[in-house]
Amino acid sequence: MAETLSLHPDRLFSSDPIQRDIAGRLYAKIKDLPIVSPHGHTDPSWFADNENFSNATELLVQPDHYLLRMLFSFGIPLQALGFKNRDLTKGDTGIPVETDPKVIWRTFASHYYLFQGTPTNIWLDYVFVNVFGMKEVLCAENADTYYETITAALQTPSFKPQALFERFNIEVIATTEGALDDLRHHKKIKQSDWNGRVITAFRPDNVTDPEFEGFEENLIKLAEVTNINIDTFAGYLASLQNRRYYFKEMGATSTDHGHATARTLDLSDDEKEALYQTIRSTNFSAEDADRFRAQMLTEMAAMSIEDGLVMQIHPGVYRNHNQSLFEQFGRDKGADIPVATEYVNNLRPLLNKYGSHPKFKVIVFTLDETNYTRELAPLAGHYPALKLGPAWWFHDSPEGMRRYRQQVTETAGFYNTVGFNDDTRAFLSIPARHDVARRMDCAFLAELVSDHRLSEKQAEKIAYDLTYSLAKDAYDL
Amino acid sequence: MAETLSLHPDRLFSSDPIQRDIAGRLYAKIKDLPIVSPHGHTDPSWFADNENFSNATELLVQPDHYLLRMLFSFGIPLQALGFKNRDLTKGDTGIPVETDPKVIWRTFASHYYLFQGTPTNIWLDYVFVNVFGMKEVLCAENADTYYETITAALQTPSFKPQALFERFNIEVIATTEGALDDLRHHKKIKQSDWNGRVITAFRPDNVTDPEFEGFEENLIKLAEVTNINIDTFAGYLASLQNRRYYFKEMGATSTDHGHATARTLDLSDDEKEALYQTIRSTNFSAEDADRFRAQMLTEMAAMSIEDGLVMQIHPGVYRNHNQSLFEQFGRDKGADIPVATEYVNNLRPLLNKYGSHPKFKVIVFTLDETNYTRELAPLAGHYPALKLGPAWWFHDSPEGMRRYRQQVTETAGFYNTVGFNDDTRAFLSIPARHDVARRMDCAFLAELVSDHRLSEKQAEKIAYDLTYSLAKDAYDL
Amino acid sequence: MAETLSLHPDRLFSSDPIQRDIAGRLYAKIKDLPIVSPHGHTDPSWFADNENFSNATELLVQPDHYLLRMLFSFGIPLQALGFKNRDLTKGDTGIPVETDPKVIWRTFASHYYLFQGTPTNIWLDYVFVNVFGMKEVLCAENADTYYETITAALQTPSFKPQALFERFNIEVIATTEGALDDLRHHKKIKQSDWNGRVITAFRPDNVTDPEFEGFEENLIKLAEVTNINIDTFAGYLASLQNRRYYFKEMGATSTDHGHATARTLDLSDDEKEALYQTIRSTNFSAEDADRFRAQMLTEMAAMSIEDGLVMQIHPGVYRNHNQSLFEQFGRDKGADIPVATEYVNNLRPLLNKYGSHPKFKVIVFTLDETNYTRELAPLAGHYPALKLGPAWWFHDSPEGMRRYRQQVTETAGFYNTVGFNDDTRAFLSIPARHDVARRMDCAFLAELVSDHRLSEKQAEKIAYDLTYSLAKDAYDL
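Chains as they are written, first to last, in numbering that gives the first Met the number 0: chain A, 0 to 476; chain B, 0 to 476; chain C, 0 to 476.
Pulled out of the complex, with its shape left as it was, chain A reads as follows (with noise of 0.2 Å):
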């Protein structure tokens, strides 16, 4: 028989007696602060067309990175997920594509026992139950019931998009695209009477990274797009300034660059130009396109001094690991990695050149959880223009929410950090995890009000700027 379901009221607090009554009392001060999320993968034209979304499976399974890897690591093929091979003449195993999206949501859920003891499993409880009001644990047995609860709810008036956005309480959400994108969503959203703050953010990396799939054609659209002649790398630079601009308009704050690693540089004029040549020729080598990657970041720090667009580095992940299932199935189905990164050199042309300048803004992202203390603490702690984004990706998690306080906090403080980012395609998910970073903060918090190192009243306030101030200020929103 299945468990039951339910969610507790002291959930991620301490045992403890002492600093689970403290952080029940601070949590209960800023639990219902309304959401904001500047950073995120969420799709736009959920909440410019607001139509209803199609079934369980589709909305819950298909679109997580975090389920499909945690599945495929037992063993269980992508097509057995719903996913069609891309290229059937290159290691078809001939496994059969399975499309009843019912017959999916079976074996995910007599597989949900794997999620145990990781995020996932929280934020898809908290979902069950405050979305969809579900009472058991998942399991084989109630997989159907869960998926025709589920189903039938989402067919409903009150589940379209923009329903679910003000039930969510979110304030604003920023979606991210790329250059060339249009932005046709976003303008539709901002012309219709919908009062919800759906922004966009300005990711630049398929026309940046000259290793990026498409890059020479991309830049010949970005030409096109800009009607700026990119000849030269001036021409270029006024037209990726144009794009920002666009950008802005529609709503953006921020920027984002996800580079292999953080790796900066600061060129002369005539270096630069030679490099932009080099690239533009298609006949550069890899450290070609890791010398002009480097330069674009210092460049787009340029612009956000002139544009006031927030800067985002999220660096030190190697994409599709998998190199066979990505021939088949493309990016994001979980086979990206984390890699050993490194700040200090690769950061400091950049911050060198722009980090005490009062004008620029700097948010820096790590999955490499050992520069916490060593090195992304130590440099947030100094230069004016960097601030260290949140617990990110494989550390959005309770575990990892709590070593990046206790690894930050002592040399960088609160207030070098810039709140949470749900960072997040799966839309339903994003009360759950900004609850869990709630969670974690106050129960961090608890901890120094139980040994003393903060009064309740310091925590309260502090609690209040992690859960919105910091982030509302760090991306001027």
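A few of these clues could be false.
Repeated chains share a single entry, so a pair holds when one copy, or any two copies, can fit it.
As the list claims (entries may be wrong) - 30 Å max Cα-Cα, derived DSSO-like pairs, lysine-lysine:
no., residue 1, residue 2
1, LYS101, LYS352
2, LYS189, LYS247
3, LYS134, LYS460
4, LYS134, LYS28
5, LYS220, LYS28
6, LYS352, LYS83
Just so you know, these hints were derived from the structure itself, not from any lab. It should be emphasised that the depicted structure is a prediction, and the values quoted were computed from it without experimental measurement.
Mind docking chains B and C on chain A? Use the hints.
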């Protein structure tokens, strides 16, 4: 006066009453499960010959590199612990070699306080109380009593290896033998009336690592033993496959590979043959040797798919760091030091080739804890073939195990891990080590239950799996 | 209104009543032990001249790089804290230099909330309460009262350096001086009637690091001061040995070496002479300089065996990361950033040569916490000469100290560590820093007692040793 020695029933559980009680309940359900020991270094001749052990010093002090290293670090020369310099022409310090085991025991006893706070203390106190019924903390004053009590007990029938094996409730234990071992002890055990399950594991470093002492002669023996011509790479591989089948016949279910790094390669057939010939010429560079080791991991993976032996990789140790100690006293004297280890790039060739193969299983270990969250949990949470070995060597300790679960679980879950390995040649400490692992797992689960991340019922099932099923499944036992 | 300020007697102890009570009992037994401060940066002239300190700002704000860095990170220019640009031709921002110490204090006070959760907050609150009797948390509103109260107190006899030294119950304090220092203040203290023990430590980086500012002139001075011809490497070494003996005469028991890495070398005599001549030619590469530093660590070790000075190595910092800040304001303004550091390969030449020598002692520190379990605890747990320095600089904080004990103890034990270093030039904060260390050690021991890894009697002895004996022994005090 010596302190009273006793083992508290709640040891290693949180002092928080809520967590302590949950941990106690979980532990009560699994504490008596049989010991599954899929990876270790006990001597198979003990079980084959079933002779009494000699004395306290020879059994408990001299083979334990944890003891040797700590005593050495306080200036006690190995000679004082009974070790003879093997080459008196080099670095002979004129220190006399102690030959009286009782005197050596006294030296150990009077320095036993050095181990406070280390797992050695926990393991040995467990042995002293549970195996020998001691009632005082070991110190200089009671050293002789200790020595005599233990040595006397060891002469009795109930302290013979087979009797202890049964008393320890060991369901199966794996030893580790080099590729050229004739496995006579395992054969003898198999052919005997005794029903204890003692299996071997295939450790081929001495014939796959060109820099292993005696590598070239080892290859000649390999050819002789298998009666296979190894002039070509194909012949060499065939002879290794031959040995693997022999080990499998003698009960092996796994192989083990202890390289300095986790590097793997996937060369073409021509490249492999050429590299092999270079290695055989004995005129090879360090890089050649490294590439050969890297390629051999991939070859071993291919053979695992063929013969079903589970692969284990234990990388990242600088062996014999203290050169003169090595020259005088040889390997395994406590001078092996972990080094920073990289997995994401290094394992990619192997994982891209076989990481998604349904018949392949590889268990990866680390001594570089920075990889838990950054590299290993993400890799294990994606590749079907890859499971994560438990906290290893310097880390099979309360704090080490806690960090392992805290850092691995959120990304890889519980079910991409493989239960506990005692990995020891200290036979008497095996129950103590498993007990520490069981207690720490229960303590970790109790924290998750206490803050409502798991229900107690879920935790019970997981505790059982961590203690018993995962090791049985992962190692095909 | 300002919050009430008080120091809770149980601060930094766990809120769990069992652990808190054990910690309290342990702490009660060691809290009044005299302060042994074997490594730090106080100014010996304070104790030699025994003049009153000037005012709150000059004593508490301006010399403290923890304060400067955090304030700078929130956009407060150093000019606003009273620092004059040294070169107005470069990067002069026209920011006026504040000269009124009270105005600077106000700036600090109104940003004091930034330090919440950092050790600075703990140290300063301790000083405010215990040294100056303040009763409110520092903030903008009470800034002037604070300034006036502190500044007035500083004018009185009981706040003179020698009086504070006695009031702080300091048994011995070591300062740090460059190799060319004439140690006049130490001489004066020695010759005075005052009995306070203020000793020096030999810091030769300015004459052993070819990339140190003014290296070549420093060598010329070295030759002059020692009256030794340094044209050969042997002469250079003799002059260094000469300085070491002078420092030893003035009370030094240790040397200190602050290189960018932990690299050591063991070159032949010819190689050393050739390298020295290259360095003296001033026409050397970065690699030459690095090799010279590496060799000099080994030479210093040899001299330590000769003269008995304990060696300290503090590697792994990128000094003066912010180039323009350095050009304008010089060293030690809060822009030093830790970098990843390697010990196993780097220290091997030195450790292989002297690591087992009975007369050698070397204390190694790190700012890269990943080395605690991976490299440093294993090395300290093997080599007799090597002991582990305490949690250092960015890590001499509650969480930093906790991680240190949790990660070091299981492999190296307590007795391969050396007690606490305050390592500060902030004289008033010394008792606060030692108090934090004592409390965190007691809290850590209390956890081990509470889960039955140690008896309370064992913990009492260890607490005493961590607080007092280990530092005395390790530094031969």
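Return the numbers of the hints above that this structure violates; sort them in rising order.
When the structure is compared with the hints, numbers 1 and 5 turn out to be violated.
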